[in-house]
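Novice: Sequence:
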Amino acid sequence: MDTTKPADFKLPEDCTDMREVRIGVDATDRELMELLDRRFGYMRAAARIKQDRNVVRDEARKTEVIDNARADAEKRDLPAGKIAQIWGELVETSIAYELVEWDRLRA
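Residue numbers (the UniProt record's numbering): 1 to 107.
Mixed in with the good hints, there may be bad ones.
What the hints assert, rightly or not - Once the Cα atoms are required to be at most 25 Å apart in a straight line, the calculated PhoX-like pairs of lysine-lysine come out as:
#: 1; residue 1: 75; residue 2: 10
#: 2; residue 1: 75; residue 2: 62
#: 3; residue 1: 62; residue 2: 50
#: 4; residue 1: 82; residue 2: 62
Unchecked claim - FRET-style restraints, in silico, Cβ to Cβ:
#: 5; residue 1: 25; residue 2: 96; range: 21 to 31 Å
#: 6; residue 1: 23; residue 2: 55; range: 40 to 50 Å
#: 7; residue 1: 25; residue 2: 58; range: 28 to 38 Å
#: 8; residue 1: 72; residue 2: 37; range: 14 to 24 Å
#: 9; residue 1: 48; residue 2: 88; range: 22 to 32 Å
#: 10; residue 1: 22; residue 2: 103; range: 35 to 45 Å
#: 11; residue 1: 41; residue 2: 89; range: 16 to 26 Å
#: 12; residue 1: 26; residue 2: 52; range: 17 to 27 Å
#: 13; residue 1: 21; residue 2: 106; range: 45 to 55 Å
#: 14; residue 1: 58; residue 2: 19; range: 41 to 51 Å
By construction, these hints were calculated from the structure, which means they are not laboratory data. For glycine and all other residues, C-beta sits at the position ideal for the given N, C-alpha and C.
From just these sequences and the hints, can you work out the full model?
Specialist: This is the structure in structure tokens:
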């Protein structure tokens, strides 16, 4: 048994039917949610650390994050343009979340 993966799902190359694929997709979605939870935790940390609300939005950093995602997607032979769009939404959602947190912490 491969100990590098959870026993409750198979890696894509090991799937032989759609049930296994769906189990893997669902498990991956749960992992993605865990990662998003961590990412938004960093937004809460940023809101706590930044003393000026005007520095929450950082267009240079936003561009850097999206460009990094695009480049990583290209290396993985994934649809880089669409992933860049997803990351754009993720970054905008993160900024909005951080602003709400910034205000909440200083209310």
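Novice: Does each hint hold? Answer for all of them.
Specialist: Against the structure, the hints come out as follows:
| no. | hint | result |
| --- | --- | --- |
| 1 | 75 with 10 | 24 Å, holds |
| 2 | 75 with 62 | 20 Å, holds |
| 3 | 62 with 50 | 16 Å, holds |
| 4 | 82 with 62 | 16 Å, holds |
| 5 | 25 with 96: 21 to 31 Å | 28 Å, holds |
| 6 | 23 with 55: 40 to 50 Å | 43 Å, holds |
| 7 | 25 with 58: 28 to 38 Å | 34 Å, holds |
| 8 | 72 with 37: 14 to 24 Å | 21 Å, holds |
| 9 | 48 with 88: 22 to 32 Å | 25 Å, holds |
| 10 | 22 with 103: 35 to 45 Å | 40 Å, holds |
| 11 | 41 with 89: 16 to 26 Å | 19 Å, holds |
| 12 | 26 with 52: 17 to 27 Å | 42 Å, violated |
| 13 | 21 with 106: 45 to 55 Å | 47 Å, holds |
| 14 | 58 with 19: 41 to 51 Å | 44 Å, holds |
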